[in-house]
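Visitor: Let's have the full structure, built from the sequences with the hints guiding it.
Going line by line, the protein sequences match chains R and E. If you're matching positions, the first sequence starts at 24 in the numbering used here and goes up one per residue. If you're matching positions, the second sequence starts at 24 in the numbering used here and goes up one per residue.
Hints may contain errors.
Each pair may be met inside one copy or between any two copies, as identical chains are not told apart.
Distance condition first, Cα-Cα at most 27 Å in a straight line; then the derived BS3-like pairs of lysine-lysine [stated by the list, open to error]: (1) Lys-31 x Lys-225; (2) Lys-231 x Lys-276; (3) Lys-101 x Lys-91; (4) Lys-275 x Lys-31.
Simulated from the structure, these hints should not be mistaken for lab results. Please read all numbers here as calculations on a predicted model, not as lab measurements.
There are 2 protein chains.
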Amino acid sequence: MPFNELRKDYILNRWVVIAVERCRRPTDFVKNKTVRARDGVCPLCPGNEHMTPPAVLLYLNRGGKIEKASDYGDSRPKDWLIRCVPNLYPAFTPPKPEEKPSIIGEVERENLALAVGHHEVLVESPVHDEHPSDARITQLIYVINAYMDRLSELYSRQYVRYVSIFRNHGPEAGASLSHAHSQIIATPMVPRLVAEELEASKEQWRNKGVCAFCEIIENEKNSPRLIAENPDFMALAPYASIHPMEFWIIPKKHRSTMLGLSEAETENLARIMKACLGGLKRLLNDPPYNFGFHMAPQSEAASYYHWHLEVYPKLAIWAGFEKSTGMYINTVSPETAAEHLRGAIQ
Amino acid sequence: MPFNELRKDYILNRWVVIAVERCRRPTDFVKNKTVRARDGVCPLCPGNEHMTPPAVLLYLNRGGKIEKASDYGDSRPKDWLIRCVPNLYPAFTPPKPEEKPSIIGEVERENLALAVGHHEVLVESPVHDEHPSDARITQLIYVINAYMDRLSELYSRQYVRYVSIFRNHGPEAGASLSHAHSQIIATPMVPRLVAEELEASKEQWRNKGVCAFCEIIENEKNSPRLIAENPDFMALAPYASIHPMEFWIIPKKHRSTMLGLSEAETENLARIMKACLGGLKRLLNDPPYNFGFHMAPQSEAASYYHWHLEVYPKLAIWAGFEKSTGMYINTVSPETAAEHLRGAIQ
Numbered sequence: 024m025p026f027n028e029l030r031k032d033y034i035l036n037r038w039v040v041i042a043v044e045r046c047r048r049p050t051d052f053v054k055n056k057t058v059r060a061r062d063g064v065c066p067l068c069p070g071n072e073h074m075t076p077p078a079v080l081l082y083l084n085r086g087g088k089i090e091k092a093s094d095y096g097d098s099r100p101k102d103w104l105i106r107c108v109p110n111l112y113p114a115f116t117p118p119k120p121e122e123k124p125s126i127i128g129e130v131e132r133e134n135l136a137l138a139v140g141h142h143e144v145l146v147e148s149p150v151h152d153e154h155p156s157d158a159r160i161t162q163l164i165y166v167i168n169a170y171m172d173r174l175s176e177l178y179s180r181q182y183v184r185y186v187s188i189f190r191n192h193g194p195e196a197g198a199s200l201s202h203a204h205s206q207i208i209a210t211p212m213v214p215r216l217v218a219e220e221l222e223a224s225k226e227q228w229r230n231k232g233v234c235a236f237c238e239i240i241e242n243e244k245n246s247p248r249l250i251a252e253n254p255d256f257m258a259l260a261p262y263a264s265i266h267p268m269e270f271w272i273i274p275k276k277h278r279s280t281m282l283g284l285s286e287a288e289t290e291n292l293a294r295i296m297k298a299c300l301g302g303l304k305r306l307l308n309d310p311p312y313n314f315g316f317h318m319a320p321q322s323e324a325a326s327y328y329h330w331h332l333e334v335y336p337k338l339a340i341w342a343g344f345e346k347s348t349g350m351y352i353n354t355v356s357p358e359t360a361a362e363h364l365r366g367a368i369q
Numbered sequence: 024m025p026f027n028e029l030r031k032d033y034i035l036n037r038w039v040v041i042a043v044e045r046c047r048r049p050t051d052f053v054k055n056k057t058v059r060a061r062d063g064v065c066p067l068c069p070g071n072e073h074m075t076p077p078a079v080l081l082y083l084n085r086g087g088k089i090e091k092a093s094d095y096g097d098s099r100p101k102d103w104l105i106r107c108v109p110n111l112y113p114a115f116t117p118p119k120p121e122e123k124p125s126i127i128g129e130v131e132r133e134n135l136a137l138a139v140g141h142h143e144v145l146v147e148s149p150v151h152d153e154h155p156s157d158a159r160i161t162q163l164i165y166v167i168n169a170y171m172d173r174l175s176e177l178y179s180r181q182y183v184r185y186v187s188i189f190r191n192h193g194p195e196a197g198a199s200l201s202h203a204h205s206q207i208i209a210t211p212m213v214p215r216l217v218a219e220e221l222e223a224s225k226e227q228w229r230n231k232g233v234c235a236f237c238e239i240i241e242n243e244k245n246s247p248r249l250i251a252e253n254p255d256f257m258a259l260a261p262y263a264s265i266h267p268m269e270f271w272i273i274p275k276k277h278r279s280t281m282l283g284l285s286e287a288e289t290e291n292l293a294r295i296m297k298a299c300l301g302g303l304k305r306l307l308n309d310p311p312y313n314f315g316f317h318m319a320p321q322s323e324a325a326s327y328y329h330w331h332l333e334v335y336p337k338l339a340i341w342a343g344f345e346k347s348t349g350m351y352i353n354t355v356s357p358e359t360a361a362e363h364l365r366g367a368i369q
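Guide: What follows is the structure, encoded as structure tokens:
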């Protein structure tokens, strides 16, 4: 019997068994057709604005132009295109204006800190179940612009050290609301995995004098793991994918954060996200997935960190082995994943 | 609004928000009664020994004494009490005798190695659905003894660097077979999380001159996180639990591996596992869970590493935030978890 391959991530010291012996094909993961019960009343649908805390950001169409606003007093515009609200059950909460700076963002003891920060829900569309692959490009551009607006705003708070933007799609991937939305969490410390990526990127940059992700773009552009590309972005199945059908979207231009995308770049990001998420949806009958933006928190990382988006289809279960060792088993090789995703992209 | 607590693990640089604002009670996680379809023919049930590869270890009752054996030739004893077989779809596979040592256990390139090792299924009982909480203590003692037999055997192979023993219970926790079983995976490198625990334990031991887990036992014995104890073991909900209702079982005697447990210690481990897993089962109607033994691979860690068992009930979904940051959100505090588990232990 030939051996499976044990592969290491591009930069992290994270290993995965590509267990092709199990001979799983991507189509083994096609989601069974399920008629999802429509939630009762959706608190994120237009007309139900009173069911959420007041919006911190609204995109309104005013005479063909986008006007940015927020809810105030009793005003709750219902004709929004994008609506960003604080989470009703926040994991992280902002300090009140009167709270002393000393309590904010401080580690209380070596093993305790206050969960100061923000936890927001970004409603991506007035249309309840508008999957990114079904949305118009202009709507996706609004979403990306709103991400950038919230990033700028949240990073301006002195107690915020990191801002995570992520999306959970489908109840199996942890989405408790089915209305199209992303979440934004601002934390008072740089999270573990982000810190590890920053450290590893910095080390590679020091040792080789080249950014790890710039090198990935160069090495993978003709590889069997390439899925799609356009002038500004590349989508690929990473060499040591830890999830079946995992893919990453990487900007070709080296930058440590998505802040400052040009209009053309924003449109190209929208296009490649729509294409790849659409391919995944068609291929596996709208499977659950998570995605998360990986960006550097601080300006000092500008030289060595390269922002990107990681998409994790939720097709397998991490069980006792993965959880107690941090080593993974993936039953679909990234080469197979890329081949099928390429075929499913229209 | 008061802030949630952000807590750090005893030794790892891993942080979790204890999100009590969401006011989840343990009983919110009671599993719906589901009549699980019985698998067609169970390949792990007595009488179906031909459906698996030959056993590498059998416990047979011979005149009231346990005789250890293995399948050979066409011999397939059917009256076993414990049966350990190679996994039909192994992630890691052993080298053939004729394979050159040079290909074994070597990292091929900096990001590629061969998945040389072992992947075994340890059938814990002839009784198809014997949950550890329903098993007799003598049967659980056989299971623990069989773990130790396989540990000794696998660590004797020169290409094995680490042996992971874990259990997946319920399909939601990744169990593809419902017959009571554990799995054993032997890997050609020390996995990431184990390496991190070893490093952190060593550092604490160097800095403080005391083992981190010996200190946990001392600090938690009168804490609200204590769940159960007996002369040799303590069960507690860890201070920075990343799973709702997570608990750990820790030996009071400092040792880096379970190898060498005395008869009395083995029985006390069986008793506390039965009690705690039984409490979890009663409290939440047989929920899915994973558990994994954490042990040091090498003898040099004897002074600073302290073996233990970590049990992760599968009650929540790690979604985009957890997966892209390595920071966790737990909606049940360990103090609440311990209170309810204490109440459910008979």
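Visitor: Can you give me the call for Lys-101 and Lys-91, within, between, both or neither, at a CA distance of at most 27 Å?
Guide: Classified as within; 14 Å inside a copy, 73 Å across copies.
Visitor: Tell me, please, which holds for Lys-31 and Lys-225 at an alpha-carbon limit of 27 Å: within, between, both or neither?
Guide: Close inside one copy (18 Å) and across copies (25 Å); limit 27 Å.
Visitor: Within, between, both or neither: how does the pair Lys-275, Lys-31 come out at a Cα-Cα threshold of 27 Å?
Guide: For Lys-275 and Lys-31, only the intra-copy Cα distance (23 Å) is at most 27 Å; the inter-copy one is 37 Å.
Visitor: If the cut is 27 Å between Cα atoms, do Lys-231 and Lys-276 qualify within a copy, between copies, both or neither?
Guide: Cα proximity of Lys-231 and Lys-276: one copy only (19 Å, versus 47 Å across).
When each numbered hint is compared with the structure, no violation occurs for any of them.
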